[in-house]
Amino acid sequence: MASVLSINNVTKFYGSLKALNNVSFEVPEQSVFGILGPNGSGKITLLGILLDVLKANNGNILWFGHPPTMDDRKKIGSLLETPNFYQYLSPVNNLKITHSISGRGSIDEIDTILKKVKLYERKDNRFNQFSLGMKQRLAIAAALLGSPKVLVLDEPTNGLDPVGIAEIRELIIELRNNGHTIIMASHLLDEVEKVCTHVAILKTGNLLTTGNVNEVLTDDDIIELSAYDLNKLAEILKHYGKNISIDVKMNAVSITLPKGTAKLDDVNKFCFDKGIILNHLILKKQRLEAKFFELTNN
Amino acid sequence: MNSPITNKTQMKSLLKTEWLKIKYYRAFWWITGITTLAYPGINFLFYNVYSKIGDNKDQVSRMAKFLIGNPFSFPEAWHTVAYFSSYFVFLPAVVVIMFITNEYTFKTHRQNIIDGWSRNQFMLSKLIDVVIISMIVTVLLAIISFLFGLINKSESNGTMFDMSYYIVLFLLQTFSQLSIAFLIGFLIRKAFLSLGIFLFYFLILEPILVNVAKFKFDDIGRFLPLAISDRVIPVPAFLGKISPEGYQKALDSIPIHIVLTVIFTTVLWVLCFKINSKRDL
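Chains as they are written, first to last, in our numbering: chain A, 1 to 298; chain B, 1 to 281.
Just so you know, these hints were derived from the structure itself, not from any lab. The reader is advised that the hints may include incorrect statements.
Claimed, not checked - DSS-like cross-link-like pairs, simulated, lysine-lysine; straight-line CA separation at most 30 Å:
hint, chain 1, residue 1, chain 2, residue 2
1, A, Lys115, B, Lys278
2, B, Lys153, A, Lys135
3, B, Lys12, A, Lys96
4, B, Lys190, A, Lys55
5, B, Lys216, A, Lys74
6, B, Lys107, A, Lys75
7, B, Lys278, A, Lys96
To be verified - Partial list, computed: chain A residues near chain B (C-beta under 7 Å):
hint, residue
8, Leu51
9, Val53
10, Met70
11, Ser78
12, Asn84
13, Gln87
14, Thr98
15, Ile101
16, Arg122
17, Phe272
18, Ile276
For glycine and all other residues, C-beta sits at the position ideal for the given N, C-alpha and C.
Extracted from the complex, chain B is given alone in its bound form (with noise of 0.2 Å):
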């Protein structure tokens, strides 16, 4: 048995090799750049519509906006744009997906063991890689938010950075995902049916089972793997007017699926170290 890492110099030592691994793959550099388009083009989408609303003269538009209030200025702006932001975690999900599976594709998880890591440095190897896609996503995150909250004029009494914290339920959530998205990768091996499965079901699959346990089931889909953390940001403020209930409803449970969430990708990571040091390479 190897013991918990939890020196440094091994830290570092990783790290500088992952950074080996990244800096020279393409696939991730383009979709950095990709995910860095996207972010801002769907939030820029709604800000249209939003925007569009406002161009009318006319009372009861003027009403609307008056109610929704402005999604896109501080401190909402933070909420708004994780939430939107968040439908592209698809995208370093397959940078996830590819780092690992390029492992297997090149045997190169034997020839790391082979060069002298232990099978759990290998795996915090690979946690560090998604640990650092989740940062890199998340910085872009923060600069967009704070670029809309700048452009936007805020006519809410909470100062800029209220609801800041978005950024860390954001990091959150995406490190949660991505975390599934490396288990399809790390069981399955295969790039292709990998991102397959992974694509597959975070559009179709747990989308549909989670909408038909809404109204069938008291809701029981909010704990599927991705629902879990998909709640820690709930929809923004001005789409929650549609119904005031509800959205306070799903204010309420951030915390207990912060837990939640918490819990279940430790256990995920938990799962990927045990059979790691278990099975053969």
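So here's chain A without its partners, still in its complex pose (with noise of 0.2 Å):
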């Protein structure tokens, strides 16, 4: 698949602070594309390279196979960092001037993109007046105007309610299934793991990992299976994988298998012609949580 996006060996100081160090990977298209990583990680100074609003010390970046040009820029939907209006101005004047200014979608559109993020209703008020929640869906409309098919959102689900996020997210795999490519920064990995397909984890300005969600997400297979006597399983079960663990809590053996490996009725039979009868036994993908803590802990 082509790629929308390319960032090689992106590199960015903040004086003497390496805010970015080296980063390279590629966006390919159609995919919901999440960069994730702890407070600090160099999330947003990476969009902001992205859209030209910093400038990188070295290293580049290609949109759609080339250097960036203001006309990419135009084509993209984007919300970065805060939600950026004029506060004297309601969202109507707002969302004109993004249009002015970008050339997406139309005066005409304005009124349905505000119905679709919930705001119609407060479409003559000054920006100024909103709640930090309204703000947001402003900005999204704003990304949303014209219907880019590229959109790069930085934290989309900032300030909204539960209703809200669960909102967002659909919209999100709205845009994705019609064939929509999404950038998004987070540091709420519930939120990453319900939409994006691939993502890159940054710690400290270093790339960590990047890839496709499911192979970042399970590096390795881990079953947990249950038995009468747990001990005589957890014996049996040495000639068949590594790193054997009991949990007495839960009842239950965890073995860890190479990446793909794991086939359940394999480990059903094994454990069967040996004499032991599973009562429980499940293949447990690593959630992106703890994926997240042991990646970003090292």
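Could you use the hints to bring the two separately framed chains together as a complex?
Below, the structure is given as structure tokens:
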């Protein structure tokens, strides 16, 4: 699949602080690409460089296979950091400015898009009378204007209530299903796990890992099983794999196998042949949260 | 690098966008209103002083009036009104500073780029703001000068529009001085700090420096940022009568100050474009 975006050896300093260290990865077309990382990992710096508000000290980026131009940015719907709008203007007039600068969408589309983000009733109020959640909704409306093929969203659910968060999540899935490419930064792992197809994990400016969500998330297969005699089960499993642990509280034994090699029916047959009858057998995917802690703690 | 923008439609789009920002900005309309009152106000004040002299029927006053000539009649009215009105350049300067610092306060200077302007286009849009504001106050000045000229019977031999070039000089001076206000807002980014620095420099610091330099350092103060363009419009003729030699000298140095103002203002904007294309937003 073609790359929407290639990031090549990007390095950025703030004075002597290295905010990004030689970061490279590719964002494939029609993916929902999550950029993950703890606070201060360089997520926003990276997005800032992608959108030309920050200048990289080294390395380069390619949008759609060529060095970025302002016409590329016009085609990208973006929400960076906080919602940035003219405080004294209404949402309609703010979106008119977005339209006027980017050429995306049309004046007629503004009402429709305000209805979509549930701001239509407040369309004549000034922006500075808005709550944080409403500001965020307007920022999403601005990014959606003209239905751009590529969206860059920084913490899109920031400041939203649970209903709002669910709505944005559905919106992102809907966009993904319609073939849009979405690049989003987030520290909400749950959010990323639910919508992203690809991830890149950053820590203090270094890229720890990147790739397909399923590949990054499950480096190893973990099988959890249980039987009447846990000790005997653990004993015989020694012939099957490594990293066997007994969880007394959960009344289960877990065994770690190399990625993609866990075959539950094989395990079941193996135990049965050794005279143990299982009463519990499940393949567990390592949750993103656990993986995230594992990766960022090293 | 972005190429300089010469495209007409792009220019129109920038203008349209800036107009969207200006149209609903109340401070802009307030200041425009205040300026509309301030220009005729200060001129009326001096006009009154002049009229009072004429009210006395004694020989000396009439002599004085004859010598002075009516500064508010054509064609000198263009010069007089431009000179007095130029003191109020700090009013539109407030708007100019608000327009640039607003972008930093709202972080829309980033959003405009994110939405697809080049950095140079953003700067050009701000240049358009300063031009628009300079034009508005210049149109105001032209109307007020014209009205003062109309109601005062001309006693000079000159024709009505002889000195109307002072409108152009006023535009040049206003644009140059508003550009300085812009530069301060652009560099400082904080509205009230920028306003404070500009007003302090405009009202206090530079006048002091210019006056000190006048007596001690061979008038080197004429090369200070505001003074460069101040001297494009020298004192009106009737005040010039106090020192005819000095007045002639001031008139003679207008052309050189026009050149200096153009150079200074051009350099200032080139600097703004350069800084803006390099720094993090």
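| query | Out of the numbered hints, which ones does the structure contradict? | reply | 1, 2, 5, 16, 17 and 18
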